[in-house]
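Chains as they are written, first to last, in our numbering: chain A, 6 to 585; chain B, 561 to 642.
One or more hints might be untrue.
What the hints assert, rightly or not - Facing chain B, a subset of chain A residues (Cβ under 10 Å, in silico):
| id | residue |
| --- | --- |
| 1 | D7 |
| 2 | M61 |
| 3 | G174 |
| 4 | T186 |
| 5 | R187 |
| 6 | R195 |
| 7 | P212 |
| 8 | T220 |
| 9 | P330 |
| 10 | H334 |
| 11 | F335 |
| 12 | I441 |
| 13 | A475 |
| 14 | R478 |
| 15 | Q482 |
| 16 | H491 |
To be verified - Just so you have them, the derived chain A footprint on chain B, three or more residues with Cβ under 8 Å:
| id | segment |
| --- | --- |
| 17 | 561–575 |
| 18 | 590–604 |
These are calculated hints, taken from the structure and not from any lab test.
If you're wondering where the values come from, they're calculated on a predicted model, not measured in any experiment.
Glycine residues also receive a C-beta, built at the ideal position from the N, C-alpha and C atoms.
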Amino acid sequence: MDEILDGISQIDCDVLVIGGGTAGPMAALKAKRKNPEANVVLLDKANVKRSGAIAMGMDGLNNTIIPGHATPEQYTKEITIANDGIVDQAPIYRYAQGCYEIIQELDSFGIRFQKDQNGEYDVKKVHHIGTYVLPMPNGDTVKKALYRQLRKARINISNRYMATRLLTGEGRIAGAICVNTRTAEFLVVRAKAVVMCLGAAGRLGLPTSGYMYGTYENPTNTGEGYSMAYHAGADLANLECYQINPLIKDYNGPACAYVAGPMGGYTANAEGERFIECDYWSGQMMQEFYDELQSGKGPVYLKLNHLAEETVAEIERVLHIVERPTRGHFHKNRGTDYRKQMIEMHISEIGFCSGHSASGVFVDENARTSVQGLYAAGDMANVPHNYMLGAFTNGAFAGLDAVDFIKDVDFAKFDHGDVEAERNRVLAPTKRDDGIPPNQIEFKTRRLVNDYLQPPKVTAKMETAQRRFAEVRDDMQNAMYVQNAHELMRSLEASTIMDCAEMAASASLYRTESRWGLYHNRVEYEKDDENWFCHTLLKKGENGLPESRKQDVKPYIVEIEDDEKDAYDKQRVQPTEAAE
Amino acid sequence: MPLAQTQTSVPVVVDDDLCIADKGCTVCVDVCPLDVLRIKDMAEGPKSKTAFMQYDECWYCMPCEADCPTGAVTVNIPYLLK
Ligand SMILES: Cc1cc2nc3c(=O)[nH]c(=O)nc-3n(C[C@H](O)[C@H](O)[C@H](O)COP(=O)(O)OP(=O)(O)OC[C@H]3O[C@@H](n4cnc5c(N)ncnc54)[C@H](O)[C@@H]3O)c2cc1C
Ligand code: SF4
Ligand code: SF4
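Next up, chain A with everything else stripped away, as it sits in the complex (with noise of 0.2 Å):
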């Protein structure tokens, strides 16, 4: 296994779906589902069985809007004040009307959702006005369950193929180029429509640990989904709102206030007091977060020493064995028990994920992109805070529009030469007989991410920034060198990072204002509503390199009103009730 072979083979499909995670099987169901007729393949760097965020399954479904609980109104209410009101309200509107019948689906699948003594769904409160947290029991058997859908549909899968480009012609999308992780053969895929599901850009920042796949998300993501896009000529939205979360120090993962906080767990200070309102994770949130870390009062911790014997117990049970397991062997080898002490929490390394923030490639309620017959949903889309019940539903829709969208088209013709360069692109490390290995591309462009792109955001460090970063793309383009095919997937990764590094940058230097409290916190300005109450849309320039525009933000569906708009900027305790 990993020598480099030289191959290439073509395969033709009426529905592509890159990304086998979250969204990517729900929509080549879907998709299927709709229209049996249809050739839907499902394409994985990984193993389908097992990747994605919730390779070894979650928690509980953290945005359900489940009737006699929430309504469809009052989340796109919540969720357009969460992001500072620059959302498109009609995706979220629609997913907060359809999510309801995807949870029946999971649930005829044989996952499992808590329900209480009356045989209600057990919905929690962790959000500022609404209540959405649905616990998983069972979270564990998530991945089999799909898995075993996507088998009795009939669905074709194919496994370790990295796709790295998309083909375009005739004004439209056209396929993908794939890259075999562990032989480095070439499988270009023709296809009517595509849907992207590649998850977040979750090696964009370096973990405080050094350690670089010690990510907050799954490492396999490092944001193809982006760069393709990109490449493609697709708008991104929003790319400067970042993706920052509070999470257990040095083991980088949720700490977790959506579990531990409806049981009476919460985030506090060294001196164990309570500093912010509501642990749901937003921009507003986590600059609190930020400003205690850096005050007297740090560092910043998860306070759950306090609570009864059994429900320290159960909270460790959700923890330690769902989402992820290796948690309980971090605190067994740190010696810290939620009983005994507070466990310290720190913030993440940046990076691009709309399940938590609000930025992605951009689409409209039907995950449509700008590049006709092409579709994103889950981490990588931009519907804000999508959490998993989000790719499950937005994926659903990608699916059922790109299935009827191949109706009345055949393959778009594209341009052999493009697949040529790519294959030249691709396999130029290969060809050298020295230089430098990809980890140290990757790494030095991920430090550069940090010392300069992360918040507070100082336009002079960014602008820094980006001339570092054309200095390691020039070594990256002319210098790289791989030694066999596992490299090589590392070394197209290590070229995502530059692309997904460069657009951060660039989002953030043309957005002259401070919005969504850390996310994008520019110090030298204040918030300007007159100004930027607009999305910005990033998309490739005719000079190669990133341009921004401004795009007004749509009518609202849910009005709000004046004295709402505020509610998630209100999140620091104040005094009074701190000192109770």
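Model the placement of chain B with the ligands on the given structure of chain A, informed by the hints.
Chain B with the ligands alone, transformed into the frame defined by chain A:
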């Protein structure tokens, strides 16, 4: 630029006595999202093959340990963040 070999201690350990790679098992290699496990030939001992961690690029996520049919895999926390 010439290359050097730098040592690193890897987080995932396989118990060679329990591993049945010599009977054709490749489960842990198949499921790892980062694709960092491989099967190698054994020079000595009763087994001809065993699984091992070839690349120190691990998310300490656990599918390899959870899906191994013989319980041969142990995932430890990578040293840098332990
Ligand atoms: C640690 C953690 C805890 C979380 N906890 C919760 C929770 O409790 N509740 C909740 O609702 N949400 C939670 N989330 C968020 C939720 O899991 C994600 O939003 C959701 O799973 C994202 O789905 P996705 O399909 O976009 O991406 P993923 O499920 O990550 O899938 C992306 C897929 O793309 C593949 N891929 C990547 N690059 C390529 C390429 N170049 N070519 C081919 N394939 C590629 C990957 O292998 C992967 O299979 C959590 C996330 C994390 C990371
Ligand atoms: S899954 Fe277990 S038995 Fe199979 S190859 Fe891996 S370590 Fe060996
Ligand atoms: S813990 Fe996860 S990343 Fe590490 S070897 Fe096992 S499956 Fe692979």
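Structure-based check of each hint:
no., hint, result
1, D7, "8 Å, holds"
2, M61, "6 Å, holds"
3, G174, "32 Å, violated"
4, T186, "6 Å, holds"
5, R187, "7 Å, holds"
6, R195, "26 Å, violated"
7, P212, "8 Å, holds"
8, T220, "7 Å, holds"
9, P330, "5 Å, holds"
10, H334, "6 Å, holds"
11, F335, "5 Å, holds"
12, I441, "6 Å, holds"
13, A475, "20 Å, violated"
14, R478, "17 Å, violated"
15, Q482, "15 Å, violated"
16, H491, "7 Å, holds"
17, 561–575, "holds (count 3)"
18, 590–604, "holds (count 7)"
Violation of the numbered hints given earlier is confined to hints 3, 6, 13, 14, 15; the remaining hints are satisfied by the structure.
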